[in-house]
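With the hints as extra help, turn the sequences into a complete structure.
If you want the building blocks of each chain, they are given just below.
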Amino acid sequence: DGGITQSPKYLFRKEGQNVTLSCEQNLNHDAMYWYRQDPGQGLRLIYYSQIVNDFQKGDIAEGYSVSREKKESFPLTVTSAQKNPTAFYLCATNGRTSGIYNEQFFGPGTRLTVL
Amino acid sequence: DQQVKQNSPSLSVQEGRISILNCDYTNSMFDYFLWYKKYPAEGPTFLISISSIKDKNEDGRFTVFLNKSAKHLSLHIVPSQPGDSAVYFCAASEAGFGNEKLTFGTGTRLTIIP
Chain Y
245 DGGITQSPKY LFRKEGQNVT LSCEQNLNHD AMYWYRQDPG QGLRLIYYSQ IVNDFQKGDI
305 AEGYSVSREK KESFPLTVTS AQKNPTAFYL CATNGRTSGI YNEQFFGPGT RLTVL
Chain P
888 DQQVKQNSPS LSVQEGRISI LNCDYTNSMF DYFLWYKKYP AEGPTFLISI SSIKDKNEDG
948 RFTVFLNKSA KHLSLHIVPS QPGDSAVYFC AASEAGFGNE KLTFGTGTRL TIIP
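As they're listed, the protein sequences go chains Y and P. Each residue of the first sequence is one higher than the one before, starting from 245 at the first, in this note's numbering. Each residue of the second sequence is one higher than the one before, starting from 888 at the first, in this note's numbering.
Note that these hints are calculated values from the structure, not bench results. Any given hint might turn out to be false.
Stated by the list, open to error - Straight-line Cα separation of at most 25 Å, DSS-like style, residue types lysine-lysine; simulated pairs:
hint, chain 1, residue 1, chain 2, residue 2
1, Y, LYS327, Y, LYS301
2, Y, LYS253, P, LYS925
3, Y, LYS327, Y, LYS253
4, P, LYS988, P, LYS943
5, P, LYS988, Y, LYS315
6, Y, LYS314, P, LYS892
7, P, LYS892, Y, LYS301
8, P, LYS988, Y, LYS301
9, Y, LYS314, Y, LYS301
10, P, LYS955, P, LYS988
11, Y, LYS314, Y, LYS253
This is how it looks when you write it as structure tokens:
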């Protein structure tokens, strides 16, 4: 069953702790993205990666870090430097290999709450 | 600087009527536009898209219209159904292979009234 997996669905952490959110895909897509969604706001791009071992900062990268060691995986670390980490985090892949120009497919999301 | 704007945060429509969601953009380099639907605590799902070479794209109950001169697009849903109640995001990207980064609007919450 092809798709994007994000785990866990809900995550709680104490303030000052780093936390890593998982994103795995078996769609064979090259590009992967991390967004955060806050109430009343759209999806804001944190980081993206168009190919293994390469990634770029998005619009709100401060306080976050990523790695792309495998095509299937794009984990996001929320560091203690992120001032407002409580949010809904969404991982996406790009389906250009399927011929649909620029369509992104989204995972189910992880709700991070920092106490 | 909000390059993609959805100025109506919410919209209520009677079941069976037409729902019209609007989106404006400022970046003239955008050439591909998408609409996503999102339920609470879930990831967005792709609905429909349109390239700048077209002014209309239709898929079942969903039609997207693009007015390039006005930098405006709209999503029409007809007839509206209760399952259409969700938040709808407009998104845009620039031309060129490798420019798949999407810029999203802030969303419009659509409520279909039975």
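Okay, the hints, checked on the actual structure:
With a C-alpha separation of about 17 Å, the suggested pair Y/LYS327 and Y/LYS301 falls inside the 25 Å cut-off, and the hint holds. Proposed proximity of Y/LYS253 and P/LYS925 is supported: the alpha carbons are some 16 Å apart, at most 25 Å. Between Y/LYS327 and Y/LYS253 the CA atoms are separated by roughly 22 Å; this keeps the pair inside 25 Å, and the hint holds. This hinted pair checks out: P/LYS988 and P/LYS943 have alpha carbons roughly 23 Å apart, not beyond 25 Å.
Among the hinted pairs, P/LYS988 with Y/LYS315 is consistent with the structure: their alpha-carbon atoms are about 18 Å apart, no more than 25 Å. Annotation: proposed proximity of Y/LYS314 to P/LYS892 is violated, straight-line Cα distance about 35 Å (limit 25 Å). Of the pairs offered as hints, the one joining P/LYS892 and Y/LYS301 holds, with about 22 Å between alpha carbons and a cut-off of 25 Å not exceeded. At most 25 Å may separate the alpha-carbon atoms for a hinted pair to count; P/LYS988 and Y/LYS301 meet this at roughly 11 Å.
Among the hinted pairs, Y/LYS314 with Y/LYS301 is consistent with the structure: their alpha-carbon atoms are about 18 Å apart, no more than 25 Å. For the hint linking P/LYS955 to P/LYS988, the alpha-carbon distance of about 20 Å falls within 25 Å, and the restraint holds. Straight-line distance between C-alpha atoms of Y/LYS314 and Y/LYS253 comes to about 22 Å, which keeps the hinted pair within the 25 Å bound.
In terms of the numbered hints stated before, the structure departs from hint 6 and from no other.
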